[in-house]
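Asker: Below are the chains, spelled out letter by letter.
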Amino acid sequence: MSEIQIPDALRYSKEDEWVRAEGDRATIGVTDYAQQQLGDIVFIELPEVGRQIEAGEPFGVIESVKAVSDLFAPIGGEIVEVNQGLTEGPEAVNEDCYGDGWMIVVAPSDSGAIEALLDASAYGTHCQEREDQG
Amino acid sequence: MKRNASRGLAYEEDLLFELSRPGRRGADTPAYDIPRVDVEDLLGGLLRDDVAALPEVSEVDVVRHFTRMSTWNAAVDLGLYPLGSCTMKYNPKVNERVARLPGFSHAHPMAPAVDNQGLLGLCFELEQWLAEISGMDRVTLQPAAGAQGELAGIMMIRAYHEQRGDTRRQKVLVPDSAHGTNPASAALNGYDIVAVPSGEDGILHPEAVAERMTDEIAALMITNPNTLGLFESHIAELCDVVHAGGGLVYGDGANLNALLGVSRPGDMGIDVMHYNLHKTFSTPHGGGGPGAGPVGIKASLAPYLPTPVVEQGPDGFFWNHDLPDSIGRLHGNHGNVGMLVRAYTYILALGAEGLRRSTDLAVLNANYLLACLREHYHVPIDRPVMHECIVSDRGLAETGITTMDVAKRLIDHGYHPPTIYFPLIVAGAMMIEPTESESLEGLDRFVEALVEIADEARTDPETVRTAPHHTRHRRLDETRAARKPILRWQPPTEPA
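Residue numbers (the working numbering), protein chains in the order written: chain P, 1 to 134; chain L, 1001 to 1496.
The hints are simulated quantities; they were obtained by calculation from the structure and are not laboratory data. Every residue gets a Cβ at the ideal spot worked out from N, C-alpha and C, and that includes glycine. Among these hints, one or two may not hold up.
Pulled a few chain L residues facing chain P out of the computed Cβ check, cut under 10 Å [claimed, not checked]: (1) His1161; (2) Ser1233; (3) Gly1428; (4) Ala1482.
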C-alpha cells in the first residue's frame, strides 16, 4: 500500500470520509485510505440535492472491484450540491479523492459538528491502528 | 511439478448471433395439415411488424458452439473448486441416474396426486429427513435457492409477528460477517437493518446483541458456522437474548456442511433456517441445474408455510392447499423437484453415518489446509475452524502481490480460485473451502500450488502480477468491465 495522503486542512470521520469547511458549506468525500482499501472504484450512488442527511447515516453507496460499501455522512445537513461527474467517471475518486473525486456539498445543520471530527493527525493514527491490526 | 492446467485444444468461439446466416435452420417442419389461420387478424395491432432478430443456425452449429464453450469451464468434475461458502463438493453420478428414472423425470406437476405417489412420497420423506437432520419441525421444499429461502423465512417471521398484532418490529439484526443476501432478504421484506459487530475473536457476543435487542427487532439473522469458518459458540445464549426480547432467530444454512450429524440448528434455538441443497446435499450448482433452498421452521411458524405442503392422508400423499394464514406460493408447482430427487438420493446413499463422516472430513480438510498454509500466508483469526478457513495477502504486502494476483495465479495451477475479498471484515481475504471430497494428496497439491505462489511473489512478482498465463485469455480488465459493461450484443450498424 502506498503512503496515505491526509491533508492537514481537512477534518475526518472514523468511517473514512473527509470534510472541507468553506463558509456555510462543507464538501465531503472519501479519504485516500478508503480509496486505496477499496481498489478500483466502478460505481457511486449519490443522493438528490435537497435531501436532509443525518450524521452517521448512510447517504450513498460506493462499489469497487472488491466490495460494496455504504457512504456514511460525517455530519448532518441539507445536500446543496452533488458531484454528477462521478456517475460517468467514478475513477476520479481513485485519481484525486480530495479534489475532482469530491462527492457532495452540505449546508451543515450544526456548524460545531465539523470541529468535533478527527483532525489529520488523529485520523492518521486511526488508519495506522487498523493497518497494525490487519 | 506438473501443473494441472496446460494448453490443450483451445477453440475460439463467436456468438450465436455472429454465426447466424439468413435462412439457415436446425429443423424442418412438415407441411401444414391443419387449417391456416390469419395471425394478423387474430392479433390485430399486437402483431409485430418485423421479425425478431434471432440467430439462424443449424443443429451442428449450436451443438459445437455450446460444446466448445463447455470446455472453457472450470468444474468440480475437473478439479478442486475451493470457493469458500459455496461448498463445491463432488456431485455423485448416482444422483443423476436416480433423477432420470422415468417415474421422476416424466412426472407432470399437474398430474393428480394418485398418479404421482412415488414423487410425493419422496418429497414427504425428504421433508422429514431435513427436519430431523436440522432439529426443525416442518420443512417447505418450494424455494428455488438459498436467497429465496431467506425471503420465505423472513416473510414467515413477519407473518408471525403481525398475526400477534406485534407490528412495532420493523428491524432485523445482521452480524457484520453475514452473507450479503441476509440484509438483502430482510430489506426486501421492508425491514431496516441493524448491523451487529463481531468480537475480536471473530464471533458474535451476546452483549453485542443484547445492547441492540429492543421491541423493534423482529429477528436476528445468523450463519453458524459464520463466514470466518468459526462456530458461533454463544449461539444458545444469542438465541435466548433474542427470544427474551420477543424476536425470532433466522439461521442461514449456507454452512450446514459443517454440522451434519454433529449438531442441529433447531437445538441451538434457531426458529427458521434454509438448506442449500446445492451446497450441503450435493446437487449441482449453476450450469448443472437450478438450486434448491428448502426452509425448516419450528412448529410455531407452521401456519405460515408456503402452500401447498405435502401431507399424508388415508388415500396416500397429497398437496394441501388449505393453509389460510400461509404466506402464499413461492414457486410454480412444487419447487425444483429434480434437485429434491438428487438430495434425497444423496442422503439415502450416505445414511446417517455417512453424513456425519462427510462433515468430519470437511472440517478436517479445512483445518489441514489452515495448518499447512499458516507458515506461508497471514491468518487473520488463528483459531480452529469448521469447514472453511481464511488467509489473507497481508504477509505479501512488501511484494506488492495482492489476493487478486494469488487468485489469478492459482488458475495457472489448474484450480478455480477461492472466494476472495470476503468476508468484508478481513482485508484481502481468501476464503478456502475444500469440502470432504478431496483426498490428502489432492489437498497437498493445492497447498504446494499456494506455497509456490507465495514464494514466487518474492522471487518473480511480475509473473504473479500478470497471471494467468496458461488460460485462453490473459488477465481480463475487470475494472473496465465493471465501469463500461457491454450488456448485450448489438447488430452491426448498416451504412446508410
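Asker: For every hint, state whether the structure bears it out.
Answerer: Each hint tested on the structure:
no. : hint    : in the structure
1   : His1161 : 25 Å, violated
2   : Ser1233 : 22 Å, violated
3   : Gly1428 : 9 Å, holds
4   : Ala1482 : 4 Å, holds
The structure fails hints 1 and 2 (numbered hints given earlier, in ascending order).
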